[in-house]
Every structure is written in structure tokens, then in C-alpha cells.
Amino acid sequence: MELQPASPDVNNIEDHPVISYIHPSLHEESNLEPTTPIPDEILPKSDEEEFTIVVGGSKRRGDILVSCGKLYNKDGKVNKKQCWRCTVCNKSVNCLASITQHGETFKIGPHPHRCSLRDCALPAVNIKAYVQQQGKERPFASGSTLAKEAIHRHQTPAS
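Be aware that the sequence shown starts at 740, since it is given in the numbering used here, and climbs by one per residue.
I should point out that these hints are in silico values taken from the structure, not numbers from a laboratory. Using N, Cα and C, we set each Cβ at its ideal position, and we do this for glycine too. Fair warning: there could be bad hints in the mix.
To be verified - Listed below are the simulated DSSO-like cross-link pairs for lysine-lysine, each with C-alpha atoms no more than 27 Å apart in a straight line:
| # | residue 1 | residue 2 |
| --- | --- | --- |
| 1 | Lys887 | Lys846 |
| 2 | Lys846 | Lys875 |
| 3 | Lys820 | Lys798 |
| 4 | Lys813 | Lys875 |
| 5 | Lys813 | Lys867 |
| 6 | Lys875 | Lys830 |
| 7 | Lys875 | Lys798 |
| 8 | Lys816 | Lys846 |
| 9 | Lys816 | Lys867 |
To be verified - Cβ pair distances, simulated, as ranges:
| # | residue 1 | residue 2 | range |
| --- | --- | --- | --- |
| 10 | Thr844 | Ser881 | 18 to 26 Å |
| 11 | Asp858 | Ser837 | 17 to 25 Å |
| 12 | Lys846 | Gly882 | 32 to 40 Å |
| 13 | Glu888 | Thr844 | 34 to 42 Å |
| 14 | Gly842 | Ser881 | 23 to 31 Å |
| 15 | Glu789 | Ser883 | 30 to 38 Å |
| 16 | Thr791 | Lys820 | 16 to 24 Å |
Build the full structure now, drawing on both the sequences and the hints.
Encoded structure:
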């Protein structure tokens, strides 16, 4: 059985030179030396997490706990221990991560995070808390003025 071409034009193809559309600079050799020097020693990642409680940082002016780009709301006290739960709870993700606080010690709960990390969680919470507090103290100040003051006050310096 002999296969027939699907189109009748295939039989009438003449020998044409092949034209390449690849830019010649893409195939040139380049210097692979790194532009920045590689450090001689790698610093170990610190195992200690930093926990920061921002008073009035939540939407309803409640306290909020910030740790490594994750946000936690107060969930209640059990046996003189404060429970904090992850703030992410929506239709697609219900994060069950939690932290228990007893005095100055924090213990991470058994469930891992199902949510993504927020890069600038602490500055954002500080800005929100500042704007809410200033809005309560100065009710006739414009929101844009309060926001600009908060951003200027809590802006992290560029590295």
C-alpha cells in the first residue's frame, strides 16, 4: 500500500533553497564568567523564626502575628495559651497552619501552610495599622495623606 499525499501541491514542490530565520548572534559564544564574585563561605540559614505582634493590624483592628511572611489572627485562648491561625481562608485555599503562644515562646502547629508566602507582610501590616490608628485620631485628614505618611514612615530601606 502506497501512501498518497494529503494535498496535490506536495507533488509539485520544487527544490528551493532553505532560508534560516535564526539570528546569527544567538549562536555566538559568550563569556560565561560570572560578573559578581561568588562568596567564599555560605552563611547558614538561621533556624530561629522571628515573630512580631502588630497591635491593631487586622481589618477589624485586632492584633495580628507576622512570621516569615505569614500572617496569623488571634483564634482564642486555651489553658492560658494564645492560639493564632493563618489568615488565609477563602474558596480555593483553607490554610490550617497555626501557632501557639505561651508567654514569650511560640510553637508552630502540626499542619503545614497551604498558602503562598507574602514578600512584604510586616511592612504592609504596619502601614495598615498606622493608617487605621491615624484615621481614628484625625478623622478629617484625607486617606491619601495618611497613606503617604504611613508608607514614608514604614518604608524599608533598599539594600
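Hints versus structure:
no. : hint                        : verdict
1   : Lys887 x Lys846             : 36 Å, violated
2   : Lys846 x Lys875             : 34 Å, violated
3   : Lys820 x Lys798             : 23 Å, holds
4   : Lys813 x Lys875             : 22 Å, holds
5   : Lys813 x Lys867             : 17 Å, holds
6   : Lys875 x Lys830             : 32 Å, violated
7   : Lys875 x Lys798             : 14 Å, holds
8   : Lys816 x Lys846             : 14 Å, holds
9   : Lys816 x Lys867             : 25 Å, holds
10  : Thr844 x Ser881: 18 to 26 Å : 43 Å, violated
11  : Asp858 x Ser837: 17 to 25 Å : 22 Å, holds
12  : Lys846 x Gly882: 32 to 40 Å : 39 Å, holds
13  : Glu888 x Thr844: 34 to 42 Å : 35 Å, holds
14  : Gly842 x Ser881: 23 to 31 Å : 42 Å, violated
15  : Glu789 x Ser883: 30 to 38 Å : 32 Å, holds
16  : Thr791 x Lys820: 16 to 24 Å : 19 Å, holds
Comparing the model with each earlier hint shows violations of hints 1, 2, 6, 10 and 14; every other hint is respected.
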